[in-house]
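All chains should be built: construct the whole structure from the sequences, respecting the hints.
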Amino acid sequence: MKPGADRVSIVAGLAVGGLGVVLLLDQTGLVELRFGYALPAVLACVGAILLAAGLDGPRR
Amino acid sequence: MTDEPRTPEPDETAPTEPQRPKEDVPPPSSPGVRRLTRSSSDKLIGGVAGGLGRYFGVDPILFRIAFVVLTFAGGVGVLAYIGLLAFVPADDDSRPFGARRDANMIGAVLLGIVVLLILGPPFFFVGPALIPIAILIGIGILLWRASGGAGIRGGDPGRLIARAVIALLIGIAAVGAFAGVFVLAALGGGTTLAVLAIVAGVALVVAGLSGGARWLIAPALVLVLPLAIVAAADIRVDGGVGERQYRPVSVDDLRPDYELGMGQLVLDMRDVDLPAGTTKVHLQLGIGHTVVRVPEDACLSSDVQLGAGHAQVLDRSSDGLDVDFEQASATTTDRPRLEIDSDLGIGALEVVRGDDPLPSNRDGWWDDNVLDGPACP
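From first to last, the protein sequence lines stand for chains P and A. So in my numbering the end of the first sequence lands on 64, straight run, no missing numbers. So in my numbering the end of the second sequence lands on 483, straight run, no missing numbers.
Now the stretches of chain A that chain P is said to cover, found in silico as 3 or more residues with beta-carbon under 8 Å:
1. 288–302
2. 313–327
3. 330–339
4. 414–428
Between beta-carbon pairs, the in silico distance windows are:
5. P:L59 with A:T384: 57 to 67 Å
6. A:D198 with P:E36: 50 to 60 Å
7. P:L59 with A:S147: 28 to 38 Å
8. A:V355 with P:L29: 41 to 51 Å
9. A:L168 with P:L34: 54 to 64 Å
10. A:F193 with P:V25: 33 to 43 Å
Computed far set for chain A versus chain P, every beta-carbon distance over 12 Å:
11. R140
12. L168
13. V175
14. P195
15. I272
16. L360
17. T384
18. R441
19. D461
20. D462
Hints were generated in silico from the structure; no laboratory data involved. The beta-carbon is built from N, C-alpha and C at its ideal position, and this holds for glycine as well.
Quick look at the structure:
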């Protein structure tokens, strides 16, 4: 990884961006999002960010 | 003689009998206050039951049995254990859970797993009710950390209160932003918000490669989480807000579509003399309560889609998340046939025949056993 890069921001960006793509697909009607899929996706997004923050430790 | 017999002072350092309650014997670390701590010597997992047993002066096995029993009662035992594990410090470590980042992370992941497990069968019927509990625990952990976590003991009370107030204000602002995004998405701005979420994600990645912008994570989540709820429940509130009551007196008055954004939608078709054949009615409600009264002599077919809530069509009921069921009546009968197609976001749907009482009006909220069952009377 590039020196000075912030792993937490990158993971959060990928997670939020991924969710945004899924939500855009739902809005355009290409997929039909239900709670059965949306809830685990949201929890996975938040969990990934927490995991990255926990592994990375506090900001210097 | 000055050596009079004296009542010996209680020696706090002397060994005591195991499992005996230590009444009026404060721990050395906090004189005068009996503290609840997790036991480091009598523990199977995290010492929670051991600590509770020591604190209340009873055998810890009673608390272990209680946790196991409550776990089978919808997972409450697991949530309670994790909550106590999170906030009660160990007796050999003065740092509480919130001060340790690794433990904090593990707790958050565990909570997520527990919620996911509870949401699936066979705990589906209580799963949704436990989500607010998990959210409250999460908010509690965040407030605990925001106010200083382990620094509360021995810290400056004024500074701690100031930090807690600031954290509370930030929380209120976040809730307000959450509600605002929710309404915007429900009003039809979902596409724009989804594009904004993608832009926020890309901005986070770019900022992360050049040093990071963690302050952007919370706003991005506040943007994306309510949008996910609106999308999953398929909520649309552009049909208006309030209470709408329709009581058509003839089939000519009957409209093919009834729509409401938020509120109560009542469609009373008791006076309608349905013609032979099939009559179709479509109902759409974003958030709220829908009541439909169908004619006494009509055969009913229904297709119910509900994001979250409770739906009852005659004697058929279902609740929870992603409620989706169909009820078909016989097509060979000469009776008029009514097809109800309902799309609801969050709320309740009640379909009853004629003058039947609404199940939600009975004592105990929903009563599933009061309605005529047959789709064709």
